[in-house]
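*Asks:* Please build the complete structure, drawing on both the sequences and the hints.
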Amino acid sequence: MVATRLMTIQDFETSPLPGRWELIDGEPVEVTPSSGRSSRIGGRLYSRLADFVEPTEIGWAFPADAGFILFGDRAIVRSPDAAFVHRDRLPEEPAGFVPIAPDIAVEVLSPSDRQPEAIAKVAMYLQAGVRMVWLIDPATRTVTVFHPDASIITLGESDILDAGDVLPGFRVPVVDIFA
Amino acid sequence: MVATRPMTIEEFEAEAHERSWELIDGEAIAVTPSANRSVWIAGEIFARLRDYVRANDCGWAFTDGAGFVLFEERATVRSPDAAFVRRERLPELTDHFVPMAPDLAVEVLSPSDRIPDALSKVAMYLQAGVQLVWLVDPLERSVTVFRPDASPKTLGEVDVLDGSSVLPGFTLPLAEIFI
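If you're matching them up, the sequences are chains B and G in order.
The opening position of the first sequence corresponds to residue 1 in the working numbering, with each subsequent residue numbered one higher.
The opening position of the second sequence corresponds to residue 1 in the working numbering, with each subsequent residue numbered one higher.
To be clear, the hints were calculated from the coordinates, so they are not data collected in a lab.
Built from N, CA and C at the ideal position, the CB exists for glycine as well.
Be aware that a few hints might be false.
Derived pair list, reagent style DMTMM-like, types lysine to aspartate or glutamate, alpha-carbon separation capped at 25 Å [to be verified]:
hint: 1; chain 1: G; residue 1: K153; chain 2: B; residue 2: D159
hint: 2; chain 1: G; residue 1: K153; chain 2: B; residue 2: D113
hint: 3; chain 1: G; residue 1: K153; chain 2: G; residue 2: E140
hint: 4; chain 1: G; residue 1: K153; chain 2: G; residue 2: E44
hint: 5; chain 1: G; residue 1: K153; chain 2: G; residue 2: E176
hint: 6; chain 1: G; residue 1: K153; chain 2: B; residue 2: E13
hint: 7; chain 1: G; residue 1: K153; chain 2: G; residue 2: D113
hint: 8; chain 1: G; residue 1: K153; chain 2: G; residue 2: D64
hint: 9; chain 1: G; residue 1: K153; chain 2: B; residue 2: D149
hint: 10; chain 1: G; residue 1: K153; chain 2: B; residue 2: D162
hint: 11; chain 1: G; residue 1: K153; chain 2: B; residue 2: E117
hint: 12; chain 1: G; residue 1: K153; chain 2: G; residue 2: D117
hint: 13; chain 1: G; residue 1: K153; chain 2: B; residue 2: E157
hint: 14; chain 1: G; residue 1: K153; chain 2: B; residue 2: D88
Pulled a few chain B residues facing chain G out of the computed Cβ check, cut under 7 Å [stated by the list, open to error]:
hint: 15; residue: Q115
hint: 16; residue: A120
hint: 17; residue: Q127
hint: 18; residue: T144
So the derived list for chain B, only partly shown, Cβ under 8 Å to chain G, looks like this [what the hints assert, rightly or not]:
hint: 19; residue: V29
hint: 20; residue: A123
hint: 21; residue: L135
hint: 22; residue: T142
hint: 23; residue: H147
hint: 24; residue: P148
hint: 25; residue: D149
hint: 26; residue: S151
hint: 27; residue: T154
hint: 28; residue: S158
hint: 29; residue: I160
*Replies:* What follows is the structure, given as structure tokens:
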């Protein structure tokens, strides 16, 4: 569902719409609730990220409903299914929307998601400066890893998802994601 | 380079161009010349597509100069590095841009290409109805296959690229293009 009126980020933040929405070039776009399976997978990734980052205070893990202001000059607020932001880039917990793009964005496909829009969202994250995107497909039990400056890699259940230098030491066997 | 005034598809087609351009939402964007390795790979893929199309008498293979009208209403004309259109959709060649999205679009990365922009182009192809996109990365020696109804899948140089339902029976061992 698309609302008819263009909004600024400030309008969007201060006059909440009923339900879950993202803001794309000033246009509020309603977010369809996820499938149970996709939601649990997103939650599992968030828990792993939170468990990993909170003891070391290396940064912040966010679950599915956090809004991120992806671009300084475009009215775009989007919500990955899980995300990580390095503390160097975000010293304080934000009281409002997260004012920057995350370092890691996780998208979990739901049966209702369309592939073209998912790829467009990944491209937008990378254009906004996200350093690593994990696109998780519960149907094929694969994780596709995107970086702004390296090749795309598809991981299967025998592989290990590794955050590399974006979050050193964070590793999850892909099989655990789909457990 | 960006032209200053939005153009219609007709104006874009009628005007003589000194070099390659694409039209994106009415904005003419110059296409940077590709690295010779990338051009060679695109040519090799075109040659395989042409051989397949001739043998099966099933449509048209195009090199990187062809302009495809992806979205009439958005004044968007883009040129994949190689493409295939089924004959049912394009019974005859004309003296204009191809008035539709191709069935297969091939993009070969050059060192100057940015992954975020390449993915954004892939998303646009899928949104325009392209059934199969091959994103070829000569440096990483990989091909990522995108479809509108399946998650991306990355193949390496030991793998064989197939034409799925778009080009039934088409195969290309990737070692033959990553020489």
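*Asks:* Give a verdict on every hint.
*Replies:* The hints, checked one at a time:
1. G:K153 / B:D159: This hinted pair holds, its Cα atoms lying about 14 Å apart.
2. G:K153 / B:D113: holds (17 Å)
3. G:K153 / G:E140: Since the Cα atoms of K153 of chain G and E140 of chain G sit roughly 15 Å apart, the hinted pair holds (cutoff 25 Å).
4. G:K153 / G:E44: holds (21 Å)
5. G:K153 / G:E176: holds (19 Å)
6. G:K153 / B:E13: Given that 25 Å is the threshold and the Cα spacing comes to 37 Å, the pair is violated.
7. G:K153 / G:D113: holds (20 Å)
8. G:K153 / G:D64: holds (24 Å)
9. G:K153 / B:D149: holds (18 Å)
10. G:K153 / B:D162: holds (18 Å)
11. G:K153 / B:E117: This hinted pair holds, its Cα atoms lying about 17 Å apart.
12. G:K153 / G:D117: holds (19 Å)
13. G:K153 / B:E157: Holds, at about 14 Å.
14. G:K153 / B:D88: violated (34 Å)
15. Q115: This interface hint holds because 5 Å falls under the 7 Å limit.
16. A120: holds (4 Å)
17. Q127: Nearest chain G Cβ about 4 Å off; hint holds.
18. T144: holds (5 Å)
19. V29: Violated, about 15 Å.
20. A123: holds (4 Å)
21. L135: With a minimum Cβ separation of about 7 Å from chain G (threshold 8 Å), the hint on L135 of chain B holds.
22. T142: Constraint on T142 of chain B satisfied, holds at 6 Å.
23. H147: Hint holds; H147 of chain B Cβ to chain G Cβ min 7 Å, cut 8 Å.
24. P148: At about 6 Å, which falls below the 8 Å cut-off, the nearest Cβ of chain G leaves the hint on P148 of chain B intact, so it holds.
25. D149: For D149 of chain B, the interface hint holds, since the closest Cβ of chain G sits about 6 Å away, which is under 8 Å.
26. S151: The hint holds - S151 of chain B has a Cβ within 8 Å of chain G, the shortest such distance being about 3 Å.
27. T154: holds (4 Å)
28. S158: violated (15 Å)
29. I160: Check failed: Cβ of I160 of chain B comes no nearer than 16 Å to chain G, outside 8 Å.
The structure fails to meet hints 6, 14, 19, 28, 29 from the earlier list, while all remaining hints are met.
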